[in-house]
Each structure stands twice: as C-alpha cells, then as structure tokens.
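**Student:** Residue numbers (the working numbering), protein chains in the order written: chain A, 2 to 249; chain B, 38 to 352.
Where hints are given, some of them may not hold.
Restraint ranges, calculated between C-beta atoms of paired labels, are given here [as the list claims (entries may be wrong)]: (1) 221(A) to 205(B): 39 to 45 Å; (2) 208(A) to 67(B): 45 to 51 Å; (3) 26(A) to 219(B): 41 to 47 Å; (4) 326(B) to 32(A): 18 to 24 Å.
Residues of chain B placed beyond 12 Å of chain A at every Cβ, according to the derived structure [what the hints assert, rightly or not]: (5) 180; (6) 215; (7) 243.
I should point out that these hints are in silico values taken from the structure, not numbers from a laboratory.
Glycine included, C-beta positions come from ideal geometry on N, C-alpha and C.
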Amino acid sequence: MKILVCISHVPDTTSKIAFTSDGSQLDKSGLQFVINPYDEFALSKALNLKETLGGSVTIITMGDVSVEQTMRKALAIGADDAIRLDAEPTDPIMVAKAIATAINDASYDLILCGQESIDYNGGIVPGALAALLNAPFVNACIGLEFDGSAITAIREIDGGKESVTANLPAVIAGKKGLVLESELRIPNMRGIMMARKKPLTVVSADDLEALSAAQSFKKPQAKAAVQLIDADDMESLVSKLHTDAKVI
Amino acid sequence: MVLVFAETWKGQFKKSTFEAVRYGASCAQMAGSHCTALVMGACDNPSELATHGAENIIHVSDAGSFEPHAFAGTMADIAQKDGAKALVIAGTSNGKALAGILAIKANAAAISQVIALPESMSPLTVERSAFSSKGLEICASKAAQTVLTLIPNAIGMTEVSPGAGNLQSAGMSGTALAVPGEQTVASGSIPLPEAERVVSAGRGLKAAENWGMVEALATVLGATTACSKPVSDIGWRPHSEHVGQTGIQINPQLYIAIGISGAIQHLAGVSGSKVIVAINIDPEAPFFKAADYGVVGDAFEVVPKLTEALKKHFA
Ligand SMILES: Cc1cc2nc3c(=O)[nH]c(=O)nc-3n(C[C@H](O)[C@H](O)[C@H](O)COP(=O)(O)OP(=O)(O)OC[C@H]3O[C@@H](n4cnc5c(N)ncnc54)[C@H](O)[C@@H]3O)c2cc1C
Ligand SMILES: Nc1ncnc2c1ncn2[C@@H]1O[C@H](COP(=O)(O)O)[C@@H](O)[C@H]1O
Chain A
2 MKILVCISHV PDTTSKIAFT SDGSQLDKSG LQFVINPYDE FALSKALNLK
52 ETLGGSVTII TMGDVSVEQT MRKALAIGAD DAIRLDAEPT DPIMVAKAIA
102 TAINDASYDL ILCGQESIDY NGGIVPGALA ALLNAPFVNA CIGLEFDGSA
152 ITAIREIDGG KESVTANLPA VIAGKKGLVL ESELRIPNMR GIMMARKKPL
202 TVVSADDLEA LSAAQSFKKP QAKAAVQLID ADDMESLVSK LHTDAKVI
Chain B
38 MVLVFAETWK GQFKKSTFEA VRYGASCAQM AGSHCTALVM GACDNPSELA
88 THGAENIIHV SDAGSFEPHA FAGTMADIAQ KDGAKALVIA GTSNGKALAG
138 ILAIKANAAA ISQVIALPES MSPLTVERSA FSSKGLEICA SKAAQTVLTL
188 IPNAIGMTEV SPGAGNLQSA GMSGTALAVP GEQTVASGSI PLPEAERVVS
238 AGRGLKAAEN WGMVEALATV LGATTACSKP VSDIGWRPHS EHVGQTGIQI
288 NPQLYIAIGI SGAIQHLAGV SGSKVIVAIN IDPEAPFFKA ADYGVVGDAF
338 EVVPKLTEAL KKHFA
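Please construct the entire structure, taking both the sequences and the accompanying hints into account.
**Tutor:** Listed below in structure tokens is the structure:
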C-alpha cells in the first residue's frame, strides 16, 4: 500500500505561546517544534500498515527550511521519503491545494492526516484535501482496518462512535485510537542514522494564493486570581456559583 | 445571504444548531441580508428554527445518514444558487467533517474555531481561537465566500428577532463517497463538546470504583462526566471521556476538576470553560492558577459535601 502522511510542524504542547510585540505573528524564539501530536498517531498507523501489507510511507509537510528537522524525525521513526512544500502554511485551503497539486500523479492509496494541528487548530486541511482529490473522507478517526479492497474506519461522533466503509484511495484524519498510545513509535539510533540519507524532495509552492490571513494575535485575558473556598463550606461555593458566576 | 448548516440528531436539532442559526441571523443582520437554515435528513419540526432567526428554512428530507461529501456538495450547490457569502457550521464532529470539503466545493475560504461575531462582514473578519486556546487571532477572509466553523458554546445564544421561517424543500445534489454504518451512542448525558456543565476527575481519585461520587455530583448538576488522560489510559474511564489537548476540547459554562493536577495539556482542552472550579488536596497544584474557584481538600470529603449543598440549592 502506498501511503502518504501529512505532517504539520507545531510548537511543543508545553510551550508558552507568545506573539511578537506588534501582534502580527507567533514569536518563534525559544520555541521547541515537534511533529503535531495527532500526526504521530497517523505516522505510526501508516508504518503498521506498511509492515503488514508492504508498500511505502511518504511524508509531506508545507513549511520553510526549518521544518526539515521535524521531517527528519518522521523519517527516523520510519517513513521512507519526504516532500517539503516550500511556502509558509498560512492558510489551510492553500496547504490542501499545494498538497493535492504535489501528489497529483503519485496515486497514493491512503492519505493519513491528524485530526487537527495544535497550532492554529483548524482541522480544515484534511477535508479540503479529500474534496480536491475527490476521495472518501473520515474525520475524528479512532480505528482503521483494511480488508484487502476497502477500509472500515471508526469515527468519533458527538457522544459516541460510528463505523464508515469506503474504497481506496481515501483521506483519513485521525487521533489517538488509530494506534494505541503505547504503540506510538519513537526514533532509535539506527533510524536517526538512516534518516540522514533518506530522500527529502523540496517542491516550490509559493504560487498559491492564501484565502485567509491573520491580521493580529493576542493572548487571552489572564484569569483573575483564584478565590479559595473553605473545604468545609460548600454552601458558600454553591452560593458564589449561583450569585456571582451565574452558572447554576 | 448567510447559509447555516442546521444539524439534527434523531430528528431533533442540537443545541449547537440553535447557537449557529442565531449566529447566522446576527451575521445576516450586520450584512443587511437574511439567514437561511439548511436541514438535511429526518427532522421533526424544521419550523422551530424561525424563532432562532431563520428567514428561510430549506429541508432536504431524503438526505439519509450523514456523509460529508454528499452533505457538503448539496450545501455548496444551495449556497451558490442563493449567493451565500457566509456559510456557518457548528464545530461538532460532523460539522468539522463538513467544513474543509465545503470550502473547496463552495470555492470559499475557511475560518475555523470562531468564538465571536464578525468584526466586519466585508471583508469577513472574525476572532478565532488558536494554539489550543493559548492565543486569539483576528482572521480576515480574502475570498467572496467564507465557511465559518464555530466552537460550540463559545458564543452562546445571541439575541435575534424571529425570522419568517419560510419552509422550502430541496433534494440532495451531492454525491456520497463513503458508506456510513452502525452508530453506538452513550445514552442519557449530553455529549461533551456541547455540554454546559462538566464534572471531571483525575488520577487523584485512585481507582475506577471511586467514580460513584463523581457521577452523583454530575447528576445533581445535570452535567456530563469527563476525565484526565491518564485515567482513560489506565482504563478507569472510557476514552470518550478524555478531555485535553489530545482528547476532546470542551467549552462548558462550568467545569469542575477533581483530583486533576492541571497539566498544560489538560488545560489546553478545558480553558474555554467560562467558570472553573478546582478541587485538589495539594495547595500547589497548577490547576489553582487556572481556576476561578479553588477548594484545597480531600476529594473524598469535599465532593459529597458539594453534592449535598447543591441538592439543597436545587431543592
Ligand atoms: C503530548 C501530551 C499530550 C497530553 N494530552 C493530555 C490531554 O489531552 N489531557 C490530559 O488530561 N492530559 C494530557 N497529557 C498528560 C498531562 O501532562 C498530565 O500528565 C495529566 O493531565 C495528569 O493527569 P492527572 O491530573 O489526572 O494526574 P496527576 O498528575 O497524577 O495528578 C493527580 C492530582 O490529584 C491530586 N490528588 C491526589 N489525591 C487527592 C485527593 N484525595 N483529593 C483531591 N486531590 C487529590 C494530586 O494533588 C494531583 O494534583 C498529555 C501529555 C503529553 C506529553
Ligand atoms: N503545513 C502542513 N503540512 C502538511 N500537512 C499539514 C500541514 N498543516 C496541516 N496538515 C495536516 O492536516 C491536519 C489538520 O491540520 P489543520 O487543518 O491545520 O488543523 C494535520 O494534522 C496534518 O496532518
């Protein structure tokens, strides 16, 4: 099976987020970047499928040269080769169009994405990509089986689960459940050595137009200091929730 | 014109649907146009949307089960016919499945995680949440059409005047590419992304059998239960209850966190809550920095007392 995994390069989950003083963009200084946590599940699932079915796993990321360090990590985890789309991923539709164009005649059987990227938290790219490829789409995917001709995916719906069947090629946006957390793969020494030699192709992608643009960023207002309530006086907590906070 | 996806569940509108229709009606008012709601599939009372501001209600009764390409294709065709500039969707699981596909089919920009009414309708400019609620972004559309996905509960029920609610029917024009199958849904409680009140507990509760008091508290409040990640990883609670960065993101009015330390990845999924109460035995627990109200104490003593106090309040 020929699999593509879309990987987004995001600030580590523990990062303190700050914006440049003019509020125009993310202040990247001092930030540690990682593979988007949801995409790690997609990558590990892709590698499991390759082991049982044969084939290849290609990763693709849109971003400037700094994303290559994250891509090398994905190669060290076990992907075979990589494509970097050389442009700033400022708009999800632009990212989807660039990916669709770049893989146009490569005929992947399966395209695995994360449910959303934890930087701008859009969750738009995978569906847009499915529409551009006219391929079946399953989001919030927490389980995926392949029976030789079709896939059966389990997706989370509000308050429950749903199973969906589709033919390949298909686009899946997944999360924990795609593989177990204990099955997430991490790079080993040999993988890291090999990753240096694996092919990473750079494709120019700056001819695409962004359909949206960030005008400014700011931090949410800091919460007022916590009001401590005596553990023996739950009546006063209830009265504050009712009278001050008006939530009950 | 503003077109709103009016999602139903077993023939009834979801609460997030009313929020989205009201949002659409408010946008339409700003733009001096009107709001149309699109209902797909079985629906007991489509006209109910008039009170939430829908001028027109289009009902596609033969839509069948939700399939994102079929639904998005149909919605895009209706948007094009009616010249819709803003396409509004509540960010439920199905809403999120729809958004990206719809943007391509409707030749639209997509702005997700929207948390406020637009600052301007032309160009469409709106505030959205980014970086797992650690940042706010003002985002402007550069396209003639824009898909807006709202975070459920974040905006609330905006004040609108009722619309005429002209009911029309339409057929499916989109094509399905996948086959939706069996659904299993936990009955009873409101799904986490839509819940107004959430009671959540962490590893501080020490064992699965201790959840009785959490459920009792949730029952008095009419709340949905949730848990921290390690709790679902150990198997004390189902994965569907796991909230946080890698779990479900919630936006309730009230979030009560019991025996949860308040790690940044947990906060990332719950900091959209309006009011947070943290109950923790450790006065240094990081959750107290993110909470509005804090109770330093043993959950096994505090939670039953809180449940009793609430019972008295609601009696
Ligand atoms: C990439 C990544 C993603 C993650 N995603 C998530 C996520 O989505 N959601 C999530 O929740 N976590 C997530 N985590 C894990 C997170 O970092 C924390 O480890 C986790 O939230 C801790 O869970 P906890 O608070 O239940 O447990 P603990 O950290 O063990 O805290 C237990 C708390 O209970 C208190 N306590 C103990 N006894 C009592 C008592 N009798 N009464 C009252 N309080 C008591 C303790 O003081 C302590 O504060 C993620 C981590 C990583 C690295
Ligand atoms: N810049 C990017 N390059 C490659 N894939 C991406 C990029 N941004 C997003 N994706 C993919 O799309 C998913 C959802 O991202 P988003 O729509 O940005 O929330 C991610 O989990 C990735 O799989």
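**Student:** Can you name, in rising order, the numbers of the hints this structure does not satisfy?
**Tutor:** 2, 5 and 6
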